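What follows is each chain in one-letter form.
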Amino acid sequence: MLAFIAGGFVLLSAVRVISGADEITSSGTLAVTLTATMPIALAGLGGLWAERAGVVNIGLEGMMIMGTLGAGYVTYHHGVLAGVLGAIAFGMIGGALHALATVIFGVDHIVSGVAINIIAAGIAGFLAEAWFTDLPGGGPTQSPSLADPGKINLSFLSEPASNLEDKHWFLVSDLASVVEMFTKNLSVLTLLGLALIVGSFFLLWRTRFGLRLRSCGEAPEAAESVGINVYRYKFTAVMISGGLAGLGGAYLALVSTSGFQVGQTQGRGYIGLAAMIFGNWRPTGMFMGSGLFGYTQALPFRDGTHSVHALLLVVAGLLVAVAVIQWLKGSRRNAIISVVLGAVFLTWYLTTDIVPADFTKMAPYVTTMLVLAFAAQRLRMPAADGRIYRKGSSG
Amino acid sequence: MTSAVAAGETAIELTGIGKRFPGVIANHDIDITIQAGTIHALVGENGAGKSTLMKILYGVQKPDDGTIKVNGAEVSFATPSDAIAHGLGMVFQHFMLADNLTVLENVVLGAESLHGIGDDARAEITRISEVYGFGLDPDELVESLGVGERQRVEILKVLFRGARIIILDEPTAVLVPHEVDALFENLRRLRDQGHTLIFISHKLDEVLAIADHITVIRRGTTVASVLPSETTSRGLAELMVGSELPSPSTEESTVTETVLLAVRDLEVTDEDGRQELAEISFDIHAGEIVGIAGVEGNGQTELVEAIIGMRHLSRGTVTMSGTDITHWTTRQRRESGIGYIPEDRHRHGLLLDSPLWENRILGHQSRPPSVVGPWLNLRGARADAERIIAEYDVRTPGVGTNARALSGGNQQKFIVGREMSGDPKILVASHPTRGVDVGAQAQIWSHIKAARKDGLAVLLISADLDELIGLSDSIRVLLRGRLVGRFDPQSVTPQELGSAMTGAGDDR
Ligand SMILES: Nc1ncnc2c1ncn2[C@@H]1O[C@H](COP(=O)(O)OP(=O)(O)OP(=O)(O)O)[C@@H](O)[C@H]1O
Ligand SMILES: [Mg+2]
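Heads up: the protein sequence lines correspond to chains A and B, in order. Once you know that position 320 of the first sequence is 320 in our numbering, the rest is easy, because the numbers rise by one and skip nothing. Once you know that position 406 of the second sequence is 406 in our numbering, the rest is easy, because the numbers rise by one and skip nothing.
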């Protein structure tokens with residue numbers, strides 16, 4: 001895993017030096033990337049909790065919408081700390097609904113999740129109008145501008161890093177950008193999110209609570225047969241899932257922008273779910289997936305036509321790497337396909353100087369799809385994921 | 001025989017237990033008293049209601065009538081956790097394991113407070129595994145284990161917990177004799193320490209060897225209570241079915257000259273490149289049954305899956321009637337006439353939540369009577385499922401019943417019936433009579449023998465040495481992924497086979 005990240009980073013750095021498209025690893029780009037990544041990752045983490053307990057949570061989007069609304073309303077009236085907690089609580093309400101429907105009443109998980117998405121969007125629109133229209137600076141579709149949860153600056157680190165970055169040295173400057181990303185204007189919520197991802201890993205994979213929770217997603221009958229209260233674990237997991245999605249909503253309303261807006265989630269709940277699948281239902285992988293989505297969302301805004309053009313070279317490089325791996329694994333056909341595709345991207349890169357501006361908006365998704373397709377990992381979802389479990393079916 | 005520890009005290013008292021399912025009375029008027037510190041066996045035909053009764057006792061299902069007393073106090077268990085709190089533990093007939101978790105995680109699950117979930121637990125598991133000769137690696141994924149190993153994990157789970165009252169529902173179905181002996185030795189030790197054990201098996205010799213008391217269940221109710229010293233396995237069998245058993249007939253060899261299945265130099269490696277099977281070569285002729293003896297986990301699963309096309313070969317060829325089928329898909333193989341009785345009926349053989357007639361179509365989804373032209377022939381499938389139910393004596397209310405609602409042995413009979421349908425040329429049978437009662441076992445054997453007379457070639461894998469010796473025309477021994485010995489069933493004794501299976505006498 002670490003080797004992959006390091007390899008990808010070296011590749012990016014090399015491409016930067018070759019192409020001169022400095023924005024692809026600039027601290028500015030990375031900062032935007034991190035801000036774009038976190039809400040996706042929080043939604044993805046929410047999805048991970050639910051699905052590890054065997055409940056598919058496509059209602060993340062709706063729970064995230066609830067989170068943005070909660071953040072908007074509570075922050076305005078009670079300050080930012082209460083606002084974040086409010087967002088989590090609003091998300092949990094969505095989670096509780098989903099848990100009630102799927103765990104207790106045995107409703108199909110997708111049906112319940114989609115219903116929650118529709119209801120949440122409706123409620124948010126309705127309540128936003130009721131709550132924000134008459135506030136100063138508010139309107140029927142947006143809250144007044146809200147306080148920021150706070151930022152961390154470690155200028156003794158970020159300033160030297162910034163100087164290094166400006167040198168544009170191979171690898172060194174790129175690493176400096178990363179240091180700067182984490183030391184300059186780092187939102188407290190980002191830090192909280194990262195801590196939650198690491199914490200979730202420990203909780204789910206290193207504690208008895210986590211083992212029991214995961215067993216409910218793998219084999220609920222077996223879990224019940226050894227005396228585990230499957231319903232309780234599933235319920236808890238889905239509640240936590242909702243809370244995390246709500247927190248993702250708070251991030252959108254308080255960090256990404258400074259206020260609630262109707263429709264502000266823009267499908268990030270779904271993207272979070274995709275990132276989780278990409279990450280094979282594991283926190284690190286999920287975070288990498290989110291980062292990939294975040295990066296490709298950020299890049300078009302940073303000297304897009306050049307940066308995305310440089311990305312073509314990155315893709316070519318990745319494809320060659322995939323080809324080598326496939327060849328070593330003995331799957332020649334895949335290796336050849338990868339090489340050919342790599343050559344196509346390389347030619348494209350060499351024969352053009354920029355990509356059309358329209359294309360920059362699409363390129364991220366194309367890249368993501370290619371990466372997803374070629375990551376060719378063996379995805380393994382929890383065995384009983386999405387299955388309705390009835391108490392007493394043990395044995 | 002009863003130990004002094006708790007002699008005379010009653011551990012469990014079941015009175016008037018009744019349980020009904022739609023169309024079936026699984027239990028009625030069951031009365032059993034089990035003394036503390038004894039091994040109490042339950043025997044009965046497939047579908048007699050043994051597992052149902054045990055699930056009631058363990059809190060999985062609620063009885064419709066009757067009372068349960070544990071250690072003298074009346075109890076009413078809503079969930080297994082209540083039963084566990086009263087000191088009960090259970091090994092289920094069908095494994096209760098999570099594939100995607102490791103052996104360690106499966107074992108400690110629900111009992112984390114004993115040894116944690118880390119190194120302490122790992123040490124304890126390794127210790128038990130060594131004492132019992134299980135040879136389990138705590139960190140292996142359960143997914144990669146065969147039935148024998150899964151069975152050992154299940155037993156380990158209950159030993160790890162150290163329950164005072166242990167229910168074992170057919171724990172020995174896929175264990176070979178020396179593994180059974182090791183298990184029994186330990187069960188006796190547990191009994192002598194004051195544990196109470198309830199043991200269910202269709203292998204009546206085992207029951208006579210281990211039990212202090214035997215209760216016979218027939219058609220949902222207790223019909224007799226006997227002491228092992230007062231009966232024989234034949235007598236037990238007759239109590240179970242309520243009539244005399246047919247005696248097995250001896251037969252002439254029907255082996256012909258035509259080679260139907262030829263395996264040459266087959267090799268299978270796992271993901272890490274370790275050899276699981278190597279240098280496997282054999283022929284099976286029309287009318288021949290080749291038995292594979294061996295302790296589960298020595299490559300049986302891999303061999304069967306390689307022949308059926310579920311596993312990639314790293315070397316070697318499989319030919320059927322002279323045609324190389326090494327690269328054929330499983331479906332092609334099945335269509336060309338290979339039947340397959342999988343080792344684990346719940347993982348591979350059935351759609352548990354589908355009715356029997358749909359399960360009849362499974363694996364025959366491109367062949368009559370399940371299809372007409374491009375369409376499924378539902379009526380044909382139903383009619384043929386009816387035929388199987390009748391011919392193989394599957395006890396069930398009807399073809400619309402979900403497979404899950406059948407008792408284990410009846411599920412097995414249905415699978416055997418399905419795989420024998422459509423006149424297969426080759427039958428790959430892993431533990432074909434696993435969990436099947438003595439009567440039904442004889443019936444399945446005679447079906448296989450009849451098909452053999454008509455030229456069926458059978459690869460038979462079984463932990464039951466009597467079955468291997470009784471059915472096979474030649475027996476090979478599989479040890480650590482290689483075929484190490486060849487025996488003539490006419491002359492071999494179970495002891496000889498047993499020592500060949502463990503490699504005793506050569507390099508161990
Ligand atoms: N969940 C269920 N729904 C409906 N019927 C059931 C269910 N479980 C068991 N039965 C029926 O109850 C009867 C008793 O089944 P049980 O599993 O207790 O038999 P058994 O004695 O354990 O047989 P075997 O030796 O084959 O395991 C069977 O007729 C079975 O079809
Ligand atoms: Mg049973």
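Source of the hints: derived by calculation from the structure; they are not laboratory data. In this text the structure is predicted, and so the values were computed from the model without any measurement. We put the beta carbon where it would ideally sit given N, CA and C, even for glycine. Any given hint could be a false lead.
Simulated restraints on C-beta separations [unchecked claim]: (1) A:106 to B:324: 47 to 53 angstroms; (2) B:133 to A:2: 51 to 57 angstroms; (3) A:331 to B:185: 31 to 37 angstroms; (4) B:470 to A:4: 54 to 60 angstroms; (5) A:280 to B:379: 25 to 31 angstroms; (6) B:379 to A:107: 33 to 39 angstroms; (7) A:106 to B:310: 52 to 58 angstroms; (8) B:366 to A:358: 46 to 52 angstroms; (9) B:423 to A:362: 38 to 44 angstroms.
To see whether the hints hold, each was checked on the structure:
1. Under the hint 47 to 53 angstroms, the C-beta atoms of residue 106 of chain A and residue 324 of chain B, about 50 angstroms apart, fit the expected range.
2. A hinted range of 51 to 57 angstroms is violated for the C-beta pair residue 133 of chain B and residue 2 of chain A, which are about 40 angstroms apart.
3. A beta carbon spacing of about 49 angstroms between residue 331 of chain A and residue 185 of chain B contradicts the range 31 to 37 angstroms that was offered as a hint.
4. Restraint check, residue 470 of chain B to residue 4 of chain A: a C-beta distance of roughly 56 angstroms satisfies the suggested window 54 to 60 angstroms.
5. For residue 280 of chain A and residue 379 of chain B, the Cβ-Cβ distance of about 44 angstroms falls outside the hinted range of 25 to 31 angstroms, so the restraint is violated.
6. Separation of residue 379 of chain B from residue 107 of chain A is about 34 angstroms and conforms to the stated range, judged on CB atoms against 33 to 39 angstroms.
7. Between residue 106 of chain A and residue 310 of chain B the CB atoms are about 33 angstroms apart, so this pair departs from the stated range of 52 to 58 angstroms.
8. One distance hint, 46 to 52 angstroms for the beta-carbon pair residue 366 of chain B and residue 358 of chain A, holds here, with the actual separation near 49 angstroms.
9. Hint check: residue 423 of chain B to residue 362 of chain A, Cβ distance near 58 angstroms, so the stated range 38 to 44 angstroms is violated.
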